[in-house]
Amino acid sequence: MGEPGVLPGGVGVSRLCVYDTVAPDGEVGGTPHLHLCCTEAYVVRAGSGCVQTLTLSGYRETPLRPGAVVWFPPGTIHRLVNHGGLEILVLMQNSGLPEAGDAVLTFPPEIVGDPAAYEAAATLPGGGAPGTDLAAAYARRDLAVDGFGALRDRARAGDLAPLRAFHAAAVALVRPRLPRWRERWAAGALRAAEETGRQLDALERGEAPHLGRAEVYELAGPAETGRHGMCGLLDTYPLG
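So for the sequence shown, the UniProt record's numbering puts the first residue at 1; every next one is plus one.
Hints are computed from structural coordinates only; laboratory data are not their basis. Some clues are possibly wrong.
[To be verified] Computed Cβ-Cβ distance ranges for the label pairs, DEER-style:
#	residue 1	residue 2	range
1	21	220	27 to 37 Å
2	238	133	23 to 33 Å
3	196	238	22 to 32 Å
4	159	190	30 to 40 Å
5	199	20	25 to 35 Å
6	204	48	43 to 53 Å
7	174	45	41 to 51 Å
8	75	130	22 to 32 Å
9	89	130	10 to 20 Å
All C-beta atoms in this analysis are idealised placements derived from N, C-alpha and C, irrespective of residue type, glycine included.
Sequences are here, hints too, so could you generate the full structure?
What follows is the structure, encoded as structure tokens:
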């Protein structure tokens with residue numbers, strides 16, 4: 001059995017138990033944020049809740065129940081709300097890049113517009129390692145909920161200028177990270193797509209050398225359990 005390669009399409013996967021504490025607006029759940037170049041999908045395994053989303057098309061709440069599959073493209077501000085025992089399998093583009101940097105939290109504009117202030121507000125002690133104090137994760141969540149509420153209220157009133165300004169600030173924040181993101185994309189999703197192209201070319205020639213290299217890959221369990229993520233406690237897998 002070979003060493004694990006990339007998952008189909010170069011995706012990443014994690015198991016998420018959504019936070020079960022109350023945010024400043026009375027809702028129970030995670031931290032609102034967006035991704036800039038990754039689509040994310042939820043496969044609901046247990047419990048119930050919803051995902052609150054905000055885009056230039058408006059605000060929406062999508063129910064989450066066992067068996068449901070929900071996904072959204074880059075630019076969708078999303079926040080998980082936990083109505084009880086919400087557990088999700090998360091599929092992420094680009095070998096899990098959303099958990100490796102492609103995320104901007106909806107802090108108030110004076111923080112999102114200041115890279116140093118943003119870094120201070122977004123960074124958890126020990127990087128959120130299992131066993132560290134969850135209070136910092138909840139404080140980060142609460143600050144992002146405050147910013148999200150303001151963006152949502154303005155958008156509902158027909159004023160999209162704050163949301164557009166948040167988009168611009170998010171782009172400015174992540175630009176220094178793009179070389180690392182490009183490396184991850186090239187080694188994962190791009191590599192997987194190019195390999196499919198080579199297989200199609202070979203099949204058109206009546207050849208199939210890749211069939212002789214087939215193997216089964218396995219991860220018996222997560223590499224880490226209980227990491228403090230943006231939306232809850234994460235069980236992560238070493239892919240990408």
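> Which earlier hints turn out false for this structure, listed by number in ascending order?
Replying inline: 5 and 7
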